[in-house]
Amino acid sequence: MIELDLFEVLAPLADMLAAVAFAVTGALVASRKGLDVLGFMWLAVLTGVGGGTVRDLVLDVPVFWVVNPIHLTACLLTAVVVYLAAPWIESRRTLVLWFDALGLAPVTIAGTAKGLDNGTGALVAIVMGVVTGSVGGIIRDLVGQERSVILRREIYVTAAALGACAYVVFDALSLPWLNPAVIGVCVTFAVRGLAIRFNWSLPGYRRPAKASSETAGGGNGQ
Amino acid sequence: MIELDLFEVLAPLADMLAAVAFAVTGALVASRKGLDVLGFMWLAVLTGVGGGTVRDLVLDVPVFWVVNPIHLTACLLTAVVVYLAAPWIESRRTLVLWFDALGLAPVTIAGTAKGLDNGTGALVAIVMGVVTGSVGGIIRDLVGQERSVILRREIYVTAAALGACAYVVFDALSLPWLNPAVIGVCVTFAVRGLAIRFNWSLPGYRRPAKASSETAGGGNGQ
Amino acid sequence: MIELDLFEVLAPLADMLAAVAFAVTGALVASRKGLDVLGFMWLAVLTGVGGGTVRDLVLDVPVFWVVNPIHLTACLLTAVVVYLAAPWIESRRTLVLWFDALGLAPVTIAGTAKGLDNGTGALVAIVMGVVTGSVGGIIRDLVGQERSVILRREIYVTAAALGACAYVVFDALSLPWLNPAVIGVCVTFAVRGLAIRFNWSLPGYRRPAKASSETAGGGNGQ
Numbered sequence: 002m003i004e005l006d007l008f009e010v011l012a013p014l015a016d017m018l019a020a021v022a023f024a025v026t027g028a029l030v031a032s033r034k035g036l037d038v039l040g041f042m043w044l045a046v047l048t049g050v051g052g053g054t055v056r057d058l059v060l061d062v063p064v065f066w067v068v069n070p071i072h073l074t075a076c077l078l079t080a081v082v083v084y085l086a087a088p089w090i091e092s093r094r095t096l097v098l099w100f101d102a103l104g105l106a107p108v109t110i111a112g113t114a115k116g117l118d119n120g121t122g123a124l125v126a127i128v129m130g131v132v133t134g135s136v137g138g139i140i141r142d143l144v145g146q147e148r149s150v151i152l153r154r155e156i157y158v159t160a161a162a163l164g165a166c167a168y169v170v171f172d173a174l175s176l177p178w179l180n181p182a183v184i185g186v187c188v189t190f191a192v193r194g195l196a197i198r199f200n201w202s203l204p205g206y207r208r209p210a211k212a213s214s215e216t217a218g219g220g221n222g223q
Numbered sequence: 002m003i004e005l006d007l008f009e010v011l012a013p014l015a016d017m018l019a020a021v022a023f024a025v026t027g028a029l030v031a032s033r034k035g036l037d038v039l040g041f042m043w044l045a046v047l048t049g050v051g052g053g054t055v056r057d058l059v060l061d062v063p064v065f066w067v068v069n070p071i072h073l074t075a076c077l078l079t080a081v082v083v084y085l086a087a088p089w090i091e092s093r094r095t096l097v098l099w100f101d102a103l104g105l106a107p108v109t110i111a112g113t114a115k116g117l118d119n120g121t122g123a124l125v126a127i128v129m130g131v132v133t134g135s136v137g138g139i140i141r142d143l144v145g146q147e148r149s150v151i152l153r154r155e156i157y158v159t160a161a162a163l164g165a166c167a168y169v170v171f172d173a174l175s176l177p178w179l180n181p182a183v184i185g186v187c188v189t190f191a192v193r194g195l196a197i198r199f200n201w202s203l204p205g206y207r208r209p210a211k212a213s214s215e216t217a218g219g220g221n222g223q
Numbered sequence: 002m003i004e005l006d007l008f009e010v011l012a013p014l015a016d017m018l019a020a021v022a023f024a025v026t027g028a029l030v031a032s033r034k035g036l037d038v039l040g041f042m043w044l045a046v047l048t049g050v051g052g053g054t055v056r057d058l059v060l061d062v063p064v065f066w067v068v069n070p071i072h073l074t075a076c077l078l079t080a081v082v083v084y085l086a087a088p089w090i091e092s093r094r095t096l097v098l099w100f101d102a103l104g105l106a107p108v109t110i111a112g113t114a115k116g117l118d119n120g121t122g123a124l125v126a127i128v129m130g131v132v133t134g135s136v137g138g139i140i141r142d143l144v145g146q147e148r149s150v151i152l153r154r155e156i157y158v159t160a161a162a163l164g165a166c167a168y169v170v171f172d173a174l175s176l177p178w179l180n181p182a183v184i185g186v187c188v189t190f191a192v193r194g195l196a197i198r199f200n201w202s203l204p205g206y207r208r209p210a211k212a213s214s215e216t217a218g219g220g221n222g223q
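Top to bottom, those sequences are chains H, E and S.
So for the first sequence, our numbering puts the first residue at 2; every next one is plus one.
So for the second sequence, our numbering puts the first residue at 2; every next one is plus one.
So for the third sequence, our numbering puts the first residue at 2; every next one is plus one.
Isolated chain H (complex conformation):
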C-alpha cells in the first residue's frame, strides 16, 4: 500500500507545517491586539491545532496533539518567536499568506485522507479536510474578535474544498501512475495561490434592490 505509506510520512509533516503556518497567523492576531506572550500562545495554539482537534473529535479518534505533543510544542515556540519578531514578520504579509497556503494544502488533504482511513464516505471526508484546514482560522477570528475568515469572500475554504474533492475523486479512480494526494495538494495550493496572486474572490450574494431594506421583508407579496 504505497499510498498508506506515503500518508504515514505526509500526515505528520503536513500537520506540523500547517500547525506552524496557522500558529503564525494566530500569533499575528495577538500582535495586532497588543497581547502578552500568554495571549500569543493561546491564539497560536488555538489556530495551529484547532482544526485538527475538531476533526479528531468528530471522527472519534485520539486527538493528534495528545498522542504526540510535537505540534503543540511547535505552536508554543512559534508564539514566542512571533512575539519577538512580529514587526519583521508583519512587514512580510504576502510571505505569511503564501506560508499559510503552503500549510493549508497538505493539511487539508491529510485531513481528508484521515477521514477516508477511518471509514467515512467521500462527502464526510471532504468536510473533514475543509474542517482541518479552516476551523483553526475560524476559532482564531472568533476569539481574536476579527472579521471571520468565513465572512470574507476570499477563496480559502473553496481552495480546500476543491483540493479535497480532487483527492477523493483520484483516490476512487486509483490510477496507477497518479498519486491522489499529490494532485489534491497541488489543486489546493494552485487555487489558493492564484487567489492570492490575482486577488480572486467568488461572487457574493447580492440582495436585490427591492429587498435591500431590513423593514421591507414581512409584507412583501410575491
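Some hints here could point you the wrong way.
[Unchecked claim] For the chain H half of the interface with chain E, some residues (derived, Cβ under 7 Å), not all of them:
#, residue
1, Leu124
2, Val125
3, Thr159
Because the hints were derived from the structure by calculation, they are not lab data.
All residues carry an ideal CB built from backbone N, CA and C; glycine is no exception.
Given the coordinates of chain H, work out where chains E and S should sit on it, guided by the hints.
Quick look at chains E and S alone, frame taken from chain H:
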C-alpha cells in the same frame, strides 16, 4: 418497545427536518452578510448539524452525520437553494420562524430521548435536548457575528427546555395511553408558536437604578 | 497511593467549587446584558462546565457532568441565585474576583492531574490544566459578546499555567514531604491573588512606531 420503535423512525426524521430548518436560518445569515456560496454552505452546515454534533460528542456516541451523511447533504443542498432563492425566502420571515419552530420541536425531543437512551439522568437528558435545539443557532450567531440567540430574550431556549421537561416527566410516568414524545413535541411547538404569534418574552433581569453605573459597584454598602 | 486518594477527594470538590465560582461570573455577564433567567442558566452552565467539558472531550474520557450531574445542578442553582441576588453580588466585584481565583486554583491542578492520570505527557497535562481553568471564561466572553479574557492582559491564564507547571515539576520530583497538588494550588492562587491585589499585568506586545499603520506593511524592506 413501541416507544423505541417510534424513535427509530422519529429521530432521523426530526434530525433531518431540523437540519434543513436550521440550515435555512444559517444560510439567511450568509445572505444578510453577502457571502459567497461556500459561506452559505459553512453557515448552513454549522447551524444545521452543530447542536447534534455537540450532543453526540458530549454523550460520546458516534457523530450522527459521520455515520450517515444524509443530514450533511441536506444542509449543503439547502445552502445552494437559499443562495438562489434568498430574496423569496427572506420576504417570508414569519414562515421561516415557523419552519424553524417545526424543526426545533422534534429535534429537541429526539435529543432528549438520545440522552435517556444512552443512560443519562433526567437533567442531563433535558440539557442534551436544549443543546441539540439551540447550539447550532448559537454557533451561527457567533460565526455570523449576529446578536446571539442567548442574548435575545425570545422564548426559544425556554420552549425547548419546557418540551424536554414534559417529555422526561411523561416518559418516567409511562402512562400507557400517552406517548411522551408526542407530548414533548407539542409542548415545545406550542410554547414556541405562542411566543412567535404573541411576541412573548420572559422578563429580563433589570439592574436596580442605584447599581446602574459601571463605577457604582465597589464601594456600595448593602 | 496517597496522592491518588487525595485527588479522588480533591478533584470533585475542586470541580464543584470552580463550577459555582465560574457560574457566578457567567451569570453576572447575563445580568449585565439584562437577560432572562434562561439566559442566566445558559451562561452559568457554559462558563461553569465549559472548560472541564473541553478537557474531557480532548482526553477522550466521559464528560464529568454527564457521569455525575451534580456540577450541572450547581451551575443551574447558581444561575437562579444570581438572577435573584445580582445587585448584591455585583456590588461585591472584588469578592467575586477572589471567589473566582479560589475556583481557578484547584480546578487547574485537578485538570492537570486528570491529564497525567490519563497518561498524557507533562506539556499536554499543563495545557489540560489551563484549558480547564480558562476555556469556560473564553466561551462566556464569546457568547456574552464581552472582551475575551484572552484579549485582556490580566494575569489569569499565566497563573493557571505557572501553577500547573509547579504541580507537574513537583509531581515528577515526588518529594515525600511535599504534596505537589498543594504546591500547585498555592502557586496558582498566590500568582492570581497578587495580580488581583496589585493589578499586575504582563507587558503587552507593542508595535514599533514604524510599523504602526496598517498600510505600512507590504513594501517595507528590512
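Subject >> Hint check, valine 125(H) versus chain E [nearest Cβ-Cβ separation less than 7 Å] >> reply: 5 Å, holds
Original post:
Can the hint on leucine 124(H) be confirmed by a CB-to-CB distance to chain E that is less than 7 Å?
Top reply: OK, holds: leucine 124(H) within 7 Å of chain E, min 5 Å.
Original post:
Does the interface hint hold: is threonine 159(H) within less than 7 Å of chain E, judged Cβ to Cβ?
Top reply: At about 5 Å, which falls below the 7 Å cut-off, the nearest Cβ of chain E leaves the hint on threonine 159(H) intact, so it holds.
Hint compliance for this structure: no hint is broken.
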